[in-house]
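If you're matching them up, the sequences are chains A and B in order.
Per full-length UniProt numbering, the first sequence starts with residue 1, numbered consecutively.
Per full-length UniProt numbering, the second sequence starts with residue 1, numbered consecutively.
Hints may contain errors.
Just some of the chain B residues that point at chain A, by a computed CB distance under 8 Å [to be verified]:
no.: 1; residue: 19
no.: 2; residue: 22
no.: 3; residue: 27
no.: 4; residue: 35
no.: 5; residue: 41
no.: 6; residue: 45
no.: 7; residue: 97
no.: 8; residue: 101
no.: 9; residue: 225
By construction, these hints were calculated from the structure, which means they are not laboratory data.
For each residue, glycine too, the CB sits at the ideal point set by N, CA and C.
For reference, the chains in residue letters:
There are 2 protein chains.
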Amino acid sequence: MEKQNYNHLTRTFQRLSRFDHLYAIAGWDMSTMMPANGSQARGEALAELSVLKHQILTDKKIATLLQAAAQEDLDDVERANLREMTRHYQEAVLLPDALVEEKSLVGTRCEHGWRTQRPANDWQGFSTNLKEVVRVSREEAQLRAEAKGISRYDALLDIYEPGMTSAKLDVLFGDLRGWLPDLLQKVVDKQAKESLIAPQGPFATETQRQLGLDTMALLGFDFNGGRLDVSAHPFCGGVPEDVRITTRYNEEEMFSSLFGVIHETGHARYEQNLPREWLGQPVSLARSTAIHESQSLFFEMQLGRSAPFLKLLLPKVTERFGPQPAFELNNFINLNQQVERGFIRVDADEVSYPAHVVLRYEIERALIDGDIEVDDIPALWNEKMQSWLGLSTEGNYRNGCMQDIHWTDGAFGYFPSYTLGAMYAAQLFAAASRALPQLESDIASGDFSALFDWLKQNIWQHGSRFTTAQLITNATGEDLNPLYFRKHLESRYL
Amino acid sequence: MEKQNYNHLTRTFQRLSRFDHLYAIAGWDMSTMMPANGSQARGEALAELSVLKHQILTDKKIATLLQAAAQEDLDDVERANLREMTRHYQEAVLLPDALVEEKSLVGTRCEHGWRTQRPANDWQGFSTNLKEVVRVSREEAQLRAEAKGISRYDALLDIYEPGMTSAKLDVLFGDLRGWLPDLLQKVVDKQAKESLIAPQGPFATETQRQLGLDTMALLGFDFNGGRLDVSAHPFCGGVPEDVRITTRYNEEEMFSSLFGVIHETGHARYEQNLPREWLGQPVSLARSTAIHESQSLFFEMQLGRSAPFLKLLLPKVTERFGPQPAFELNNFINLNQQVERGFIRVDADEVSYPAHVVLRYEIERALIDGDIEVDDIPALWNEKMQSWLGLSTEGNYRNGCMQDIHWTDGAFGYFPSYTLGAMYAAQLFAAASRALPQLESDIASGDFSALFDWLKQNIWQHGSRFTTAQLITNATGEDLNPLYFRKHLESRYL
Numbered sequence: 001m002e003k004q005n006y007n008h009l010t011r012t013f014q015r016l017s018r019f020d021h022l023y024a025i026a027g028w029d030m031s032t033m034m035p036a037n038g039s040q041a042r043g044e045a046l047a048e049l050s051v052l053k054h055q056i057l058t059d060k061k062i063a064t065l066l067q068a069a070a071q072e073d074l075d076d077v078e079r080a081n082l083r084e085m086t087r088h089y090q091e092a093v094l095l096p097d098a099l100v101e102e103k104s105l106v107g108t109r110c111e112h113g114w115r116t117q118r119p120a121n122d123w124q125g126f127s128t129n130l131k132e133v134v135r136v137s138r139e140e141a142q143l144r145a146e147a148k149g150i151s152r153y154d155a156l157l158d159i160y161e162p163g164m165t166s167a168k169l170d171v172l173f174g175d176l177r178g179w180l181p182d183l184l185q186k187v188v189d190k191q192a193k194e195s196l197i198a199p200q201g202p203f204a205t206e207t208q209r210q211l212g213l214d215t216m217a218l219l220g221f222d223f224n225g226g227r228l229d230v231s232a233h234p235f236c237g238g239v240p241e242d243v244r245i246t247t248r249y250n251e252e253e254m255f256s257s258l259f260g261v262i263h264e265t266g267h268a269r270y271e272q273n274l275p276r277e278w279l280g281q282p283v284s285l286a287r288s289t290a291i292h293e294s295q296s297l298f299f300e301m302q303l304g305r306s307a308p309f310l311k312l313l314l315p316k317v318t319e320r321f322g323p324q325p326a327f328e329l330n331n332f333i334n335l336n337q338q339v340e341r342g343f344i345r346v347d348a349d350e351v352s353y354p355a356h357v358v359l360r361y362e363i364e365r366a367l368i369d370g371d372i373e374v375d376d377i378p379a380l381w382n383e384k385m386q387s388w389l390g391l392s393t394e395g396n397y398r399n400g401c402m403q404d405i406h407w408t409d410g411a412f413g414y415f416p417s418y419t420l421g422a423m424y425a426a427q428l429f430a431a432a433s434r435a436l437p438q439l440e441s442d443i444a445s446g447d448f449s450a451l452f453d454w455l456k457q458n459i460w461q462h463g464s465r466f467t468t469a470q471l472i473t474n475a476t477g478e479d480l481n482p483l484y485f486r487k488h489l490e491s492r493y494l
Numbered sequence: 001m002e003k004q005n006y007n008h009l010t011r012t013f014q015r016l017s018r019f020d021h022l023y024a025i026a027g028w029d030m031s032t033m034m035p036a037n038g039s040q041a042r043g044e045a046l047a048e049l050s051v052l053k054h055q056i057l058t059d060k061k062i063a064t065l066l067q068a069a070a071q072e073d074l075d076d077v078e079r080a081n082l083r084e085m086t087r088h089y090q091e092a093v094l095l096p097d098a099l100v101e102e103k104s105l106v107g108t109r110c111e112h113g114w115r116t117q118r119p120a121n122d123w124q125g126f127s128t129n130l131k132e133v134v135r136v137s138r139e140e141a142q143l144r145a146e147a148k149g150i151s152r153y154d155a156l157l158d159i160y161e162p163g164m165t166s167a168k169l170d171v172l173f174g175d176l177r178g179w180l181p182d183l184l185q186k187v188v189d190k191q192a193k194e195s196l197i198a199p200q201g202p203f204a205t206e207t208q209r210q211l212g213l214d215t216m217a218l219l220g221f222d223f224n225g226g227r228l229d230v231s232a233h234p235f236c237g238g239v240p241e242d243v244r245i246t247t248r249y250n251e252e253e254m255f256s257s258l259f260g261v262i263h264e265t266g267h268a269r270y271e272q273n274l275p276r277e278w279l280g281q282p283v284s285l286a287r288s289t290a291i292h293e294s295q296s297l298f299f300e301m302q303l304g305r306s307a308p309f310l311k312l313l314l315p316k317v318t319e320r321f322g323p324q325p326a327f328e329l330n331n332f333i334n335l336n337q338q339v340e341r342g343f344i345r346v347d348a349d350e351v352s353y354p355a356h357v358v359l360r361y362e363i364e365r366a367l368i369d370g371d372i373e374v375d376d377i378p379a380l381w382n383e384k385m386q387s388w389l390g391l392s393t394e395g396n397y398r399n400g401c402m403q404d405i406h407w408t409d410g411a412f413g414y415f416p417s418y419t420l421g422a423m424y425a426a427q428l429f430a431a432a433s434r435a436l437p438q439l440e441s442d443i444a445s446g447d448f449s450a451l452f453d454w455l456k457q458n459i460w461q462h463g464s465r466f467t468t469a470q471l472i473t474n475a476t477g478e479d480l481n482p483l484y485f486r487k488h489l490e491s492r493y494l
């Protein structure tokens with residue numbers, strides 16, 4: 001009886017996690033399976049569920065239970081769980097039910113429209129919906145900002161990456177701005193001297209899919225607890241017991257899908273290895289979006305594009321598609337370590353990727369803080385792309401400011417996670433390499449057991465037990481240190 | 001203000017229908033997409049949602065609102081909606097939350113196990129789960145029986161087909177028992193004299209799928225509001241705005257899937273044409289399972305296996321699979337009007353089909369009323385199969401008492417709907433033929449507009465506005481008359 005308040009809370013959060021399960025599956029279905037005319041009813045159903053979840057989480061009793069549970073005799077995990085419960089409660093209680101419902105409705109409408117508006121380059125139609133999303137997100141940010149005593153944008157950032165601020169980001173990204181353009185130029189110049197043989201398609205979708213499945217198997221994806229499907233924007237969804245990753249196929253170009261699958265497999269393995277014994281409780285959830293991205297980028301960039309892994313991957317590619325000049329080993333490695341200034345974030349190499357993130361960060365921060373409006377986005381996008389990458393997106397909304405799904409759902413504050421994740425990934429890979437002296441030969445021989453065990457012991461199995469800073473310090477001996485990312489890029493590309 | 005109680009109820013039922021939407025999609029996913037290890041979490045999530053829906057529907061305020069709304073100034077549709085609301089409330093309020101949750105849990109567990117136990121012919125494993133389902137269903141039936149003052153089985157039957165009783169079924173099925181075995185024998189003898197060329201496979205799954213899609217298009221399925229997928233047991237699920245039908249493929253035999261698709265398309269077109277303006281309200285729902293089956297059997301049997309339709313279908317088959325001797329017109333028609341005593345209900349022809357239904361009806365009634373136990377099922381199944389069709393299912397559980405999904409979910413009382421549906425379908429087709437003198441030539445030319453318009457005007461667009469008896473009397477001029485079914489079989493097969 002001594003933990004009755006805590007136990008009452010665990011039952012409530014267990015119930016919430018079951019509704020989260022239904023939300024996740026219906027959301028996955030919306031992006032992968034749902035026919036066009038199902039959209040309105042689905043949007044209404046998800047909004048209804050959002051309101052229900054919000055009502056359960058912000059029930060008047062919860063605040064009292066949280067306070068009373070804090071006085072109970074809890075072990076370390078239970079105390080961490082209580083901390084996370086409190087955080088989720090505090091994030092939720094700031095928002096009225098009506099705003100939660102409206103956010104869900106305008107988000108599903110904007111995302112649904114985007115599915116056809118993006119291929120049609122229809123900025124006019126898209127921006128009409130996006131303005132609604134921005135209006136609601138600003139309202140949300142305002143409420144959160146007032147409660148937390150921070151800026152609007154920082155209040156959203158804090159949801160995805162607890163403790164992160166735009167002041168810290170300005171330092172991290174300001175540093176990048178100092179050395180990255182120069183590094184990018186050097187790498188591009190260096191690679192311009194090498195001749196590269198382009199792969200000759202077409203690459204049949206079904207064969208690409210089989211190769212994706214082969215690679216997921218190689219990377220330990222559990223197919224009894226997950227799937228691979230197709231969506232307009234790749235993602236990792238579902239629930240830890242049933243992880244749904246997606247990709248998209250282009251029959252002219254096979255690497256985008258293949259490395260997309262490797263990326264999502266990193267997310268998936270994190271989810272599939274979250275602490276089973278705490279599932280249903282907030283402490284079992286992934287630590288943050290940046291830590292999630294650190295796992296996908298660990299898989300895609302640190303591991304996936306390393307020379308030993310590419311050497312291991314090559315026979316799987318030729319087994320599915322046969323040999324061709326582009327698949328000669330050195331050329332194959334160079335193809336997948338190629339650095340190019342391009343329009344599309346998800347297709348960007350790891351050297352130019354931060355440029356895509358910083359420009360989005362600057363735009364979304366100004367948008368949420370009210371310094372710019374939706375109508376200003378295309379011009380700003382074009383200006384920043386010119387400045388970072390020398391590319392014009394004028395009139396090219398499809399491959400410019402309409403390329404991502406994040407803003408359609410009001411996920412402002414998410415983008416910085418990608419570059420934070422890249423930094424964490426580099427730091428983690430350095431730590432794993434120190435801990436596992438035989439790592440390179442393990443990778444060469446296709447034995448990932450020690451590496452994945454290291455990730456499981458240091459990241460996956462902890463869920464949200466520790467803060468991000470604690471987790472990273474425990475795993476690597478220090479808090480976030482962006483130097484590892486710079487060193488990694490210089491060592492691989494210069 | 002004068003309809004405030006009624007309006008309050010419509011908002012509550014609108015909310016319920018959104019949760020029904022999520023239940024339908026997560027249920028569809030469970031049968032079509034979910035990997036094996038997702039089962040437990042999904043089962044728990046669905047059970048949680050069942051309890052929530054039950055709590056909303058049985059909230060103490062509902063009874064008061066229903067009574068007060070009955071005094072308000074409602075139009076005919078609103079009054080029908082109130083009647084259906086009251087029926088749903090009364091069906092639900094009889095059951096405690098705990099029983100609802102348990103029913104959902106044991107049902108998903110039994111269904112999930114059945115997916116692998118059936119192919120493994122594992123009666124032992126299956127019966128352990130089924131006993132739990134039967135225990136809970138008997139509890140449910142007992143509560144319903146006490147409240148309604150009728151037998152346990154009749155209390156379940158009444159959920160699927162309001163107003164139907166086992167006394168009425170005994171008359172209808174007793175009549176069948178009188179003439180059907182003789183008719184079946186005559187047809188089998190007649191067909192034994194005709195030589196039949198069997199189709200030569202294999203028939204590639206993907207090509208079968210394309211043919212299924214062609215046929216759905218021919219029959220007016222709206223692909224912007226629905227999908228075709230694969231499941232162990234074919235069904236029509238989803239929601240009216242997004243109807244999900246399924247089939248299963250056997251590369252040695254193509255007609256089972258093709259006519260399964262035609263069958264489910266009948267269900268789907270009913271759902272896709274339910275009254276849009278009332279969606280979300282109980283009055284918008286399909287009238288009953290028997291009326292639902294009447295639409296699928298109208299499509300599959302009355303229309304689909306008629307000579308003019310088969311003649312229309314043949315070029316679509318040869319377009320996909322090329323010509324072969326079995327696809328000569330007369331042989332093609334005979335193949336699809338072939339009558340054979342077989343093990344599998346869903347593959348049965350329309351002459352022997354009622355035998356499959358009556359035997360299940362007799363077993364499930366005895367099971368629910370407590371006259372037999374789960375362990376008695378295999379012997380009874382074998383005995384009744386011997387008696388009706390001369391086939392032994394001894395030891396062959398897979399193709400005997402384990403072939404259907406219905407009992408796994410506790411859907412006792414559903415099976416009679418199939419034969420009631422066949423009777424309604426024959427009666428409706430006869431009425432449509434009287435109303436549309438050009439029907440046969442319309443079908444021959446592939447113009448179904450008048451026929452589907454007749455179904456829409458007479459059945460689809462009414463949802464649950466009328467009772468089954470009113471609906472059928474309005475459409476055909478009389479209440480259920482099984483003579484049309486007998487006449488149809490005699491005319492097509494003798």
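Checked hints:
1. Interface hint status for residue 19 (chain B): upheld, as the beta-carbon distance to the closest one in chain A is roughly 7 Å, under 8 Å.
2. Proximity of residue 22 (chain B) to chain A holds as hinted, the smallest CB-CB distance being about 5 Å (cut-off 8 Å).
3. With its C-beta approaching chain A no nearer than about 10 Å, residue 27 (chain B) sits outside the 8 Å limit, and its interface hint is violated.
4. Contact between residue 35 (chain B) and chain A, as hinted, is supported at the beta carbon level, the nearest pair being about 5 Å apart and thus within 8 Å.
5. At its closest, the beta carbon of residue 41 (chain B) sits 4 Å from a beta carbon of chain A; the interface hint therefore holds under the 8 Å criterion.
6. For residue 45 (chain B), the suggested interface contact is upheld, since its CB lies about 4 Å from the closest CB of chain A, less than 8 Å.
7. Of the supplied interface hints, the one on residue 97 (chain B) is violated, with its beta-carbon coming no nearer than about 13 Å to a beta-carbon of chain A, more than 8 Å.
8. Annotation: residue 101 (chain B) was flagged as interfacial toward chain A, and the flag is violated, the nearest CB pair being 11 Å apart, outside 8 Å.
9. Checking residue 225 (chain B) against chain A: minimum C-beta separation of about 4 Å stays under 8 Å; hint holds.
Violated hints for the displayed structure, listed by number in ascending order: 3, 7 and 8.
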